[in-house]
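Student: Chain order of the listed sequences is V and H.
For the first sequence, the residue numbers in the UniProt record's numbering are 1 to 152.
For the second sequence, the residue numbers in the UniProt record's numbering are 1 to 152.
Hints are computed from structural coordinates only; laboratory data are not their basis.
Each statement offered as a hint is correct.
If several chains are the same, the list does not tell them apart, and a pair holds so long as it fits within one copy or across any two.
Capping the alpha-carbon separation at 16 Å, the derived lysine to aspartate or glutamate pairs in EDC-like fashion look like this:
no., residue 1, residue 2
1, 88, 45
2, 148, 127
3, 148, 19
4, 140, 19
5, 88, 50
6, 140, 127
7, 148, 129
8, 8, 100
9, 8, 93
One letter stands for each residue in the lines below.
2 protein chains.
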Amino acid sequence: MTVTSPRKSITSVDSSALETLVGYNTRRASLVITEVFVERMAVHDLRMVEFSILSLVGHNPGITSRQLSSALSILPPNLVSLVNGIDKRGLVERQPHPVDGRAVGLHLTSAGETLLAEAEHTAAQLEMESTASLSAAERKTLIRLLQKIYRA
Amino acid sequence: MTVTSPRKSITSVDSSALETLVGYNTRRASLVITEVFVERMAVHDLRMVEFSILSLVGHNPGITSRQLSSALSILPPNLVSLVNGIDKRGLVERQPHPVDGRAVGLHLTSAGETLLAEAEHTAAQLEMESTASLSAAERKTLIRLLQKIYRA
DNA sequence: TATTGTTATACTCTATAACTATA
DNA sequence: TATAGTTATAGAGTATAACAATA
Numbered sequence: 001m002t003v004t005s006p007r008k009s010i011t012s013v014d015s016s017a018l019e020t021l022v023g024y025n026t027r028r029a030s031l032v033i034t035e036v037f038v039e040r041m042a043v044h045d046l047r048m049v050e051f052s053i054l055s056l057v058g059h060n061p062g063i064t065s066r067q068l069s070s071a072l073s074i075l076p077p078n079l080v081s082l083v084n085g086i087d088k089r090g091l092v093e094r095q096p097h098p099v100d101g102r103a104v105g106l107h108l109t110s111a112g113e114t115l116l117a118e119a120e121h122t123a124a125q126l127e128m129e130s131t132a133s134l135s136a137a138e139r140k141t142l143i144r145l146l147q148k149i150y151r152a
Numbered sequence: 001m002t003v004t005s006p007r008k009s010i011t012s013v014d015s016s017a018l019e020t021l022v023g024y025n026t027r028r029a030s031l032v033i034t035e036v037f038v039e040r041m042a043v044h045d046l047r048m049v050e051f052s053i054l055s056l057v058g059h060n061p062g063i064t065s066r067q068l069s070s071a072l073s074i075l076p077p078n079l080v081s082l083v084n085g086i087d088k089r090g091l092v093e094r095q096p097h098p099v100d101g102r103a104v105g106l107h108l109t110s111a112g113e114t115l116l117a118e119a120e121h122t123a124a125q126l127e128m129e130s131t132a133s134l135s136a137a138e139r140k141t142l143i144r145l146l147q148k149i150y151r152a
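Let's have the full structure, built from the sequences with the hints guiding it.
Tutor: Here it is, written out as C-alpha cells:
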C-alpha cells in the first residue's frame, strides 16, 4: 500500500544549513550594512559606488578610469556614466594624463574635497552604527579575516 | 600669481581609506566567494538564489513562498519566476497548505532531494576553496562575527 | 481589513561587442 | 597589435502598484 506523508506547515524557518556557509553569512551581513549605508549617505546624494570612486580619486589624485575599474571591480563601460555624473556635479575634474595620451587623470575639485570629507565622516558613523554589536577588537578581526579572503 | 599644481600619474592604487570600512571589506569578500560559487554551481545549473531556495525547501518541507521571501530578503513578486523555474524543472512540488487556503506549501521532489544533496556537497567544497586562506578556527570566528551584524 | 500569491512594470546593476584614438 | 575610453545594448537583480482569492 502507498502511504502519503502528511503535509505539515512550518512555524519558524530553519536556515541552519545555509548558515554554515561563509558565503551566505557574508552576503547577509553585506545586505544589512549596505542598507544602512544607502540610508545615511542619501543626505550627500551619494550611492555606495559613487562614494567609493570619490574616495579613490581623493586619495589617488590623477587616477585613471581604468585604474578605478580594476580597483573596484567595475567594468569600464559601467564606469562611464558614473564618472560623468560626479563630473557634471562639479565634484571631479578630468585632466590630460601626463604621459599617456589615451588616458585621463581624475582629480577632486574643492567641492569634491569638501563633500568627500563630509561623506567619510558619515561613513565612519554609519559603520559604527551598523556594526554596533561588535567590539573594536572584533571589528578589527573581522576586517582582517575578510581581507584574507579577497586578497588570497 | 597662480601656481598650477603638477598633474602626476599614479602607479599603484591606494585603497587604504576604503579598507578601514567593514562594509567595503564585506562586499569585496562577498564578490570573491560569489564568483567561485557561480562557477562551481554551474554544473548543477543552479544560481546562488536557486540553491538557497532549494536548501530552505529541503530543510523546511511545506515552507511557503512568503516564508521564503522573508528568510532570503527577496520580495514576493521576484520569487514567483524563481519558484516557477525550479518547479518546471521538477525539483519542487506545490502542495495545498494544510491550514491556510491562500498559501501553498513547497516540497522537494526526489529529483530535488538528489540535486540538493549534490549541490550541498559542491557548496561545501567551494566554500573551503574560496576561504582556503582561513584556518577552521578563523572560518568559525568569521561566521560568528558576521552573524552578530545581521542578527543585531 | 489584512495577507498570500501573482501580474505588470520600472529602475538599477552587471555584462558583452564594437568603435576611436593613442601607444 | 594592444590599450584607454566610450557607445550601444542585453541580461540579471531589485523595487512598487495593483489585483484575485482567502483569512
